[in-house]
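Undergrad: Just need the whole structure built from these sequences, with the hints factored in.
Protein chains: 2
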Amino acid sequence: MARFTSMEHLRFLLFDVHRVEDLFTHERFAHLDAEQAWMIIESAKLLAEQEMFPYFKAMDETPAFYDGKGGVKTHPQLKNIIQKAAEQHWIGGYASFDQGGMQLPEMIFSTGHHLFQAANNGVEGYTGLSAGSAGLILNFGSTVQIETYVPNIFSGKWQGTMALTEPQAGSSLSDITTSASPTDQGYYTVKGQKIFISGGQHEACDNFVHLTLARIEGAPAGVKGISLFIIPKFRPEPDGSLVYNDVYCAGDFQKMGQRGYATTHLSFGDNDDCHAYLVGEPHKGLTYMFQMMNGARISVGQSAASVAMAAYQASLQYAMERPQGRPAGEKDPTKPPTLIINHPDVQRMLFTQKAIAEGALSLGMECNRLYDLTHVTTGEEKQKHFLLLEILTPIVKTYASEQGSRSAALAIQTLGGYGFTTDFPVQQHYRDLKIMSLYEGTTGIQSLDLLGRKATMENGKALQLLAAEIMQTIQQAAVYPDLQPKAEALEQELHRIQTVLAHLFRFAGKGQIDNYLSDATVFMELAGYIVIGWQWLKQAVVAAEKLAKKDFSRNTQVFYEGKIHTMHFFFRYELTHAEACANTILQHGSLTQVKELEIFA
Amino acid sequence: MARFTSMEHLRFLLFDVHRVEDLFTHERFAHLDAEQAWMIIESAKLLAEQEMFPYFKAMDETPAFYDGKGGVKTHPQLKNIIQKAAEQHWIGGYASFDQGGMQLPEMIFSTGHHLFQAANNGVEGYTGLSAGSAGLILNFGSTVQIETYVPNIFSGKWQGTMALTEPQAGSSLSDITTSASPTDQGYYTVKGQKIFISGGQHEACDNFVHLTLARIEGAPAGVKGISLFIIPKFRPEPDGSLVYNDVYCAGDFQKMGQRGYATTHLSFGDNDDCHAYLVGEPHKGLTYMFQMMNGARISVGQSAASVAMAAYQASLQYAMERPQGRPAGEKDPTKPPTLIINHPDVQRMLFTQKAIAEGALSLGMECNRLYDLTHVTTGEEKQKHFLLLEILTPIVKTYASEQGSRSAALAIQTLGGYGFTTDFPVQQHYRDLKIMSLYEGTTGIQSLDLLGRKATMENGKALQLLAAEIMQTIQQAAVYPDLQPKAEALEQELHRIQTVLAHLFRFAGKGQIDNYLSDATVFMELAGYIVIGWQWLKQAVVAAEKLAKKDFSRNTQVFYEGKIHTMHFFFRYELTHAEACANTILQHGSLTQVKELEIFA
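Chains as they are written, first to last, in numbering that gives the first Met the number 0: chain P, 0 to 600; chain L, 0 to 600.
Watch out, some of these pointers could steer you wrong.
Said to hold, decoys possible - Below, in silico cross-link-like pairs of lysine-lysine (BS3-like), each with a Cα-Cα straight-line distance of 25 angstroms or less: (1) K549/P to K594/L; (2) K509/L to K334/P; (3) K283/P to K334/L; (4) K594/L to K334/P; (5) K56/P to K56/L.
Unchecked claim - To give an idea of the chain P side of the interface with chain L (calculated C-beta under 8 angstroms), a few residues: (6) Q98; (7) L241; (8) Y243; (9) P343; (10) T420; (11) F568; (12) R571; (13) E578; (14) Q586; (15) T591; (16) F599.
Claimed, not checked - A few chain L residues that face chain P, going by a derived Cβ cut-off under 10 angstroms, partial list only: (17) Q192; (18) I194; (19) F558.
The hints are simulated quantities; they were obtained by calculation from the structure and are not laboratory data.
Quick reminder that beta carbons are idealized off the backbone N, C-alpha and C, glycines included.
TA: Take a look at the structure:
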């Protein structure tokens, strides 16, 4: 069986670096202990290995496709996967016991999903989407809505989706035009088109529950007039029967990657008989949706990291087995060739992948931990965790997706020409990964969110909290002679980003919003390097502790040495580019606000 | 008709920046003038537009595939394309009149091929490969070999290929085992397997002429025992008939991109009846092959730049037409949306693409000019052009392919979710481009070539010549106040790379070859930034001259302003990363020569 992730790394992140056991001291998670937690992860691995990974290639080669009459053909194994994932609580396991869940911390629930993402990322989408949409109903829906929809989604019978994008409204949700008219029957009737709806129609579920953004007639323009509706494909009637609800799948989108994951075009109310059920209050839909969206952004980041991890593992395996060439300086052609992993450039490609994939997974775990903490803490503590999560969400999403693509390119490169052929999975990882920088807000949108909203929220409180967290790791690292220079280097980067922010805030202070935001994406790249540098230093501190104590109960000595080595690698080969990003931003005069568009010709 | 390149940019490069007209003063090219030259380019554009571009998508969607019995099915249009390209001299046009060519400078011949690459890069491969293999025969083959094969390749009836790679010998050609036994009939019999043979079998040609590397029985081990053979699929008999030559296409490789371009597995001599004709002297095959290989490397670099250019043009067109969102700071959602090209981040993505694609095309043109000059100059001048070409070849190949992939990713990103769908060409550009960093020596191999061979050849003469060329541009730029700071910046980068080289040469001096070469790829990245920075400064100097003289006879004022603007953009957003590469290399102690391989787990 090919290896698609590192269980050693997951154990290290869960127990040593991000200390999931701390959560078990809180009442909500007191039913768990370390051994149980790990057994749950092991069970997810088995499921990923047996039911998902074997179909990774086949689902790419027989893409989901529209049948021309409202249906979307999908791979026969999909039903089995969704069923088994549901039975093993990988759709509803995060929910509390009284909601029909297993009250799992997100740290554990998401680690399970990481295994699915690494094994077969398209398929994980279906289950992740169901989990998220049920969560949205649990949080903001009425008791009746919860009872009607959540158990059916948790059981895998019904598919939950999120329906936001319209042909004219992608990044700009304020331009949504799907309209909802109230009736005196307690429901609304809806009319409109939604595109790019993942899992909007397929063969593995009986019903589809679309969490849909629409505008109630007469609502204010813009985002303040958007409401959230539940729109099932078949509406449950009081007698328990299901009636077709005028939700028609009008087509699909064929894609360069994630080809087994159906992307649909939905048409609501062609026959004026599409009932929609308002969730919460009118005009607050976007606020509600952003709860699911934030979760989805972290999840996309984690998925990108997971695919990069799978590509890393595949290329590592190849490098360990493929003989080619001889050491530099060896002139004797009769000497047997060496394994390519012994070539420095191959090691460079592998360490780059390891640094990106494992670093991004660590940041994802950090986010999941913060998410869990917002649920078990109160007051100022809770607010702290919330703000940290808010500022890290766009970063994990963007770092993992942008650098993950680079990482998967290196996986291809490690295999040479073979990497480009469909005989090996790395080219599929590369294709699949590219969507991650587009899902749930493109890199440009994430960067505007980071600099335009998160960096300024509560007078920069989130930023200050993040800097304090990073400083804490720096102080912990400074104790170890081997880490101390890197602790200093990271502190220098913290000063650097503060200089950059001071430079940018001057524009904001003068109301020059365009100048403030025009290099937001470069700022995002800078922030990504620093935050992942922090995650690597954090891992190195734990590894140094383990080495100092000679505590090899969980992982081997070489494993911990590898973490410190990879930290050094990240600082030398990756973090060095932070300065370049800063220098780009600090130069005067915008080059990207050109009015005379013929300049591009 | 969608635009897939910029004719304005080609005209600028050809006539203003790289001055093709200078070549026309040499006897070999004296039959040409500027007007004719441009008409030839225009005719290539027409061919690309009418016969190639319309099939770009279709050839991806109906990939070349093996029929299970020795044949490879290809798109029906392929024959038409090869025929028309041949008729219009785009296979043999570079050859001299007496060889049946049009005596075109490479600058013009390759610009024609750029148009084909931008329109339909896979298809250009067939014609480019035929051109290169015929060139190899012309240079090193016997009169009989030339007469037998070249006219048939030039006419498009026969396909030329290069057959190097074997299952166990990819990057390491010294491990080739295909064997050739001499006969007393003047030919050799050959036995062996070759893989990854582009165009090795398809439906558009009657015969296939494989320029094959093999080892004559008893030859020395390693690269010094490799000979070059012509091995046709059907061998021409003295009576003019063609006899099957025991060359069997045993399969193909399905790929993530360039799917219309057949990649084959060839088996020679299964029935001990494969005749092979030695080219030149025994054991000198690799030297001969490297002439074709060097041309192919420049061509792959140009192809990568061409595909990046096509992706840029497609994303530019989309950005000019797609309304979405409002300017930053605009709070009124009832205002109509703006075109996305007005968003600074979209301009950043477009300028990055423009800087990469146009910069790499300029470097390609520089190489083609040097190639032409080696053919019309003598003595020291010739040697100078040769050495400059030698050192720039791995750089253009690598910069264009590595940064081209990044550029095409930004084309996808510019389109948002649509960019990931097969409705738009940018995802195909992204997939196609990825092979360019693998073809004809991976990025790792190119980097070893640059640092291990080219940087040290003739005691660093090539490097010195290149530095002198760059200094000349710096001096020309220093005259213009707007360019002067960038001239200084580039000079600083030149000093920086010299510092890096001095650091590395110390390892070489101590015989520490592993330490000398272990960061060759980072050195390559550094060299790429500087050389493309040079190309941009060179373009900016010409643009500044045009603006100063108000000479808008060839292009508009805005066009020239755009070149200077893009130069500034490249220096701020791209060249800034050169320092990071240098800092990576200058740190002490290798991190990529790990012996304990469990560290990667």
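Undergrad: Confirm or reject each hint.
TA: A quick look at each hint next to the structure:
1. K549/P to K594/L: OK: K549/P and K594/L at ~22 angstroms, within 25 angstroms.
2. K509/L to K334/P: Distance ~24 angstroms between K509/L and K334/P Cα, so the pair holds.
3. K283/P to K334/L: 22 angstroms, holds
4. K594/L to K334/P: Given that 25 angstroms is the threshold and the Cα spacing comes to 19 angstroms, the pair holds.
5. K56/P to K56/L: 23 angstroms, holds
6. Q98: Because about 33 angstroms separates Q98/P from the closest Cβ in chain L, which is outside the 8 angstroms limit, the hint is violated.
7. L241: It is violated, given that the least Cβ distance between L241/P and chain L is near 31 angstroms, above 8 angstroms.
8. Y243: 28 angstroms, violated
9. P343: OK, holds: P343/P within 8 angstroms of chain L, min 4 angstroms.
10. T420: 5 angstroms, holds
11. F568: 5 angstroms, holds
12. R571: Since the shortest Cβ distance to chain L is 5 angstroms, the answer is holds.
13. E578: 6 angstroms, holds
14. Q586: The hint holds - Q586/P has a Cβ within 8 angstroms of chain L, the shortest such distance being about 5 angstroms.
15. T591: 4 angstroms, holds
16. F599: Constraint on F599/P satisfied, holds at 6 angstroms.
17. Q192: Cβ of Q192/L sits 15 angstroms from chain P, so the hint is violated.
18. I194: 8 angstroms, holds
19. F558: It holds, given that the least Cβ distance between F558/L and chain P is near 7 angstroms, below 10 angstroms.
This entry does not satisfy hints 6, 7, 8, 17, going by the numbered hints stated previously.
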